[in-house]
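S.K.: Letter by letter, the chains look like this.
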Amino acid sequence: MSGRKAKKDDDEYVDIDDATDTHENEDAQQGGYSWEEEYKRSWDVLQEDAEGRLSSVVAHLQQQMKRRRLLRDTATVQRGIIRHLFLVIDLSEAMNEKDLRPSRLELTLTYARQFVTEYFDQNPISQLGIIVIRDGVAERLTDLSGNPTDHLRALKNKRNQETSGEPSLQNALDMACASLVNVPSHGSREVLVVYGSLTTCDPGDIYDTIAQLKKEHVRVSFVGLAAEIQVCRTLCKETNGSYGVVLNEAHFKDLLFEAIPPPAVTQTRNTSNLVMMGFPTKSNDLHPSFCVCHSKLTVGGYICPRCSSKICELPTDCDVCGLTLVSSPHLARSYHHLFPVDNFIEVPWSGINSLHCFACQTAFDSSPPPGAGLESNSGRYSCPRCHNQFCVDCDIFVHEVLHNCPGCWAAGSNISTVQIHSKKQPAIQNDVMPMQGVTS
Amino acid sequence: MLDTATSEDDTNLLVTIVDTNPLAWQQSATAKIPLSLDDAIRQILIFFNAHMALKHDNKVAAIASHIGHCKFLYPVTDAETHRRQANQYKISKDANAYPNFKDVNDDIIESLRSLMLDTDTPQKNLNDGTSMISGALSMALCYINRIMNQDDLGRIKPRILVLSVSPDSPYQYISIMNAVFSAQKMSIPIDVCKVYGGEVAFLQQASHITGGVYLDVENPQALLQYLLFSFLPERYARNYLCLPNKEQVDFRAACFCHKRIIDIGYVCSVCLSIFCSWSPVCSTCRTKFAFRALPPLAGKGRPAISRTASPAPSAAASPGSSSPMSTT
Amino acid sequence: MSVINFKTNIYDYLETLPIFTFQRLFQKPATCLAIFRLLPAIGRQIVMSILYVENPISLKDIQSWVYKDGHKKLQEALHKLSKLHILEETPEKGLIVNSTFRLEFKNALSGGGEHQSFGLPCATVDKHKVDIAFLDHFASTQWEAILHYMVGTTMTKRPSRGVLNLLQKSDLMNSTASESGLHITNKGFQFLLQDVNTQVWAFLLQYLDMAEMLKMDLVEVLNFLFQLGSLELGQDYSVETLTETQQQMLEDLGDYGIVYRRKKGSRRFYPTRLATTLTSGTSALVTSLSKKETGTAASSAMIAAAEESHDEGGFLILETNYRVYAYTESPLQIAVLNLFIQLKSRFPNMVSGVITRESVRNAFLNGITADQIISYLQTHAHPQMRKRAPLLPLTVVDQIRLWEMERNRVEDKAAYLYKDFNVQADFDAAEKYAKDLDVLLWSNSKQRKMVIAQEAHETLRTYIKRRLAGNRDTG
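Protein chains in written order, with full-length UniProt numbering: chain A, 1 to 440; chain B, 1 to 328; chain C, 1 to 475.
For the record, the hints were derived by calculation from the structure and aren't laboratory data. Careful: at least some of the hints might be erroneous.
Chain C side only, calculated, beta carbon under 8 Å to chain B, not exhaustive [stated by the list, open to error]:
(1) LEU38
(2) ALA41
(3) MET48
(4) GLU54
(5) SER110
(6) GLY111
(7) THR279
(8) LEU365
(9) GLY367
Distance condition first, Cα-Cα at most 25 Å in a straight line; then the derived DSS-like pairs of lysine-lysine [said to hold, decoys possible]:
(10) LYS72/C to LYS157/C
(11) LYS185/B to LYS387/C
(12) LYS282/A to LYS194/B
(13) LYS157/C to LYS102/B
(14) LYS214/A to LYS288/B
Note that this is a predicted model, so its numbers are computed, not measured. For each residue, glycine too, the CB sits at the ideal point set by N, CA and C.
Work out the full structure: start from the sequences and follow the hints.
M.R.: Spelled out as structure tokens, the structure:
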């Protein structure tokens, strides 16, 4: 419950500076440094409305903010659904800085935990490993595995939260690379570094490491907590990763969570493959028996179809025969990455066609407020396919959580919806639909 | 197991998705133990009243999952209310009915009537006659999302009940699963009451994943008793009550090529389609695969076990699942 | 909190009623529904589960529906159900729903029958139709007039004789010989701090007691009260279906602001918000005169409900530095606050003050307890405060409790002193025995003295005697 509350507070909080930051960044890239720009008076953005109140303006800004996060590329691309990612966390002295509240370290660890949960939620058949760097040495907290609880336990361990010494970028990357070269080629190889220090203490030439990473097709992305570092920039550029330096706490989270949706597959090399997977049956044994994953007596579990060993949780790799074990819903969890919902379009007052949100039945304002033009935003957002109009909350909910357009699936256009999918994936025949459980 | 987020003071929001597929109800009305839509609605309304009787501030919402489209039965929008009032649909109040119950019941009956009148338009018959469960689930979740956003104190505890009569429609699988996962994320249980027709695997999975109740109604005539007994308990009471549940939910997959149920299969790394044998090109997304006679076993350094060596130890669970690999 | 309060109040009252009263109460579906809602969650579910089952169900079967850790709750629920005579035991040890209750509760659910228990709306249009805002205003002025009278503000008119009588009967106020008027009692002060719903019920329960004395039919009174809870705000109802007793009640209830009638003998009446929320326990606060009625403008029932729960009439902000800001202009609320807060300054829409040791002690002297102060602060907390957990600053809550404990340093109890034990072992045994019985108030092992609560004197004496006798025998 409290989680939901906290999130709500986030949403309600409107940072005007933040709302204007995007432009700032663009300007900064076009010319000059941000400190050379004229001092920005963020309060000028706020304009009182006709009744002398700020509430409507603030509400409008809120809507804009909410939507800004949403607008993303919905083009259908091949994505590497099966991922292998190393999360590298800097645990050097530099992480004790308190410029991010409560401190760089605490914030990083909090976000890292959220990241792990969210990562496995969205990439159920992917794997993750965690590496920390301190005292010039890289330390592997967890090996690549598909079980979020192991990672979370490692992150919660107090001993793994102590900082000391200098970080070593090269050691960490070498360690990650050494593990990643072994993973099958159909999966992606990624490294995500959260880096607080401005220096690195390396045993050799880091450019050799970069070349090696490039050769092995490992993508390295950086989230810098202090300032941009040239070598990191080069590293990301060479390996097709992304590089970002955080502005504030919220921006940190945005940057980190950008790595959660599976990345698009580059067409340069054919890595796709058919992966052998097992679909275990649930064991309904009434008597407890030993599982292979924890060696404990448990009741129930799943039976590996190849070697008949008992496993507690899915998805996982069978500890005995190495077969990837999943259940059909796990595969289904990833489908929304393949069939994203189109971005909704803002509807001006001249284009309104309904008085209530199609999905949640909220009543819309029926006429524009005094002073607003016919072309101004009416607070409605419409789906480009089914042309039903939605409120901003549903718009966000549909794109961030639900991944279904309620209109397309509910408004008597199911035939066209099938065609939508066929258009995207020309080879899908109407009778063969991706993944279905046991039916009829 | 204990749902600690609930307490006795909660307001319970019951969003019911009524499958109003007329074709399926037609069959149900002529089945061995018949139950017509009218009879069912009568019993469902009593069930709604029982839900509202449990607590003064309990709420219901109802969505019709019709063939081809979905519609909110209750609450109705303002515009619709005005229209109805203008047309004098509302029968005058009477002293024998609790006004809260009566308002809801009247609204739902009126919505259903207009829904059924609209159904006869010919273009609706073009589709394959399945009801839009996925759309209804999506709308239900959007509605719940809004209600929960408005509820600052977090006192509203929503749940979804699906009264299903029509079979699974395979092409809705993705959207149903998307909705199910969203529900799981928001910790909303999806209860499924299968009033008529065979088992529905999608909805079974839905209730299993979200921790809801799944029930096959054996005697549709006694629908109300099933509803009151198994689907009425609020989320708080469920902490203490044993409710019927599907012990064995089939999570195995069917391959795309032959629709056979398989234990071990090959999954396309790009689109996650499942095949029972290795082929050089994915028939779903046309991806060409790098040729490898024996896919390596995730670098574990073990000798690769041949694909034909499939002991299928658990095949006894279902006769159709035996030795799926034999065709390779 | 409030829900529990008034629920237990009515429940305790109902429990005392004889079975044939229940049989008659159950004849009205509205009453069945209201009584049903008093039950705990598990109890409600059990009634629903077996409502449509005609055959008796064995206790064992019912127990099998509940997980192990729910058994205690189940026992409690079943106990209540049998106390309220909803569940009856058949000779074959099965449990079955009371037949009258079953029939009428089914009617309530399906809207059948010819019982007219949910109030008959007037068929004709009222020429002097009143809107909800008016009703709210009426209810709050009537009800607050009573409270005003109790706190002694002189700005409102004196309540009617019936009300005064009731106040006196319920021991909320009493008349002292020296003064002519009535004086508020300790119980009255406590009453003021309760939420409106509990207050109304406390009043009505007193009314029920009086009704018996006035030879009114208890069942009809109860039925009417429960019926009021099921009525719709803003709707006018006809008095036709009411019995004579109930028509007589209308007059009294009008004095409390629970129903509105334009004039005596009018053929129609309007329930106010006090009435419609009688059995719901939610947002019955009519105190805020400014409460905006959203019913007409709200887009759907759900929004209205959400908004209602939103502004549950909270107006108090309490800070960790003991300052209280109360956004209210109601003289009544200010007067109530004055009971335990030292008010400092007053603004057009707000008063501010401080909770001090002195002000709280004053409240204690009036018989108000710390828990009552805390629960008042809790129920009236501003919506902004509600977002916090815990709701009230812990420092303040703890301090109020400490101040209360300060007053209770010395406690007198009737007791017996035991001394002059000859043998230490005898003393130890007696001391242990007393401890086990939880009656030992004080003891000193060296001096072999102990003090025992009065009620345990007999038992302990016989114990010691027996022991001494035993010693003598063996020794």
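S.K.: Against each hint, give a clear statement of whether it holds in the structure.
M.R.: For each hint, the structure was consulted:
no. : hint                 : result
1   : LEU38                : 11 Å, violated
2   : ALA41                : 5 Å, holds
3   : MET48                : 5 Å, holds
4   : GLU54                : 11 Å, violated
5   : SER110               : 5 Å, holds
6   : GLY111               : 3 Å, holds
7   : THR279               : 7 Å, holds
8   : LEU365               : 34 Å, violated
9   : GLY367               : 29 Å, violated
10  : LYS72/C to LYS157/C  : 51 Å, violated
11  : LYS185/B to LYS387/C : 23 Å, holds
12  : LYS282/A to LYS194/B : 23 Å, holds
13  : LYS157/C to LYS102/B : 41 Å, violated
14  : LYS214/A to LYS288/B : 24 Å, holds
Checked against the numbered hints given earlier, the structure breaks hints 1, 4, 8, 9, 10 and 13 and satisfies all the rest.
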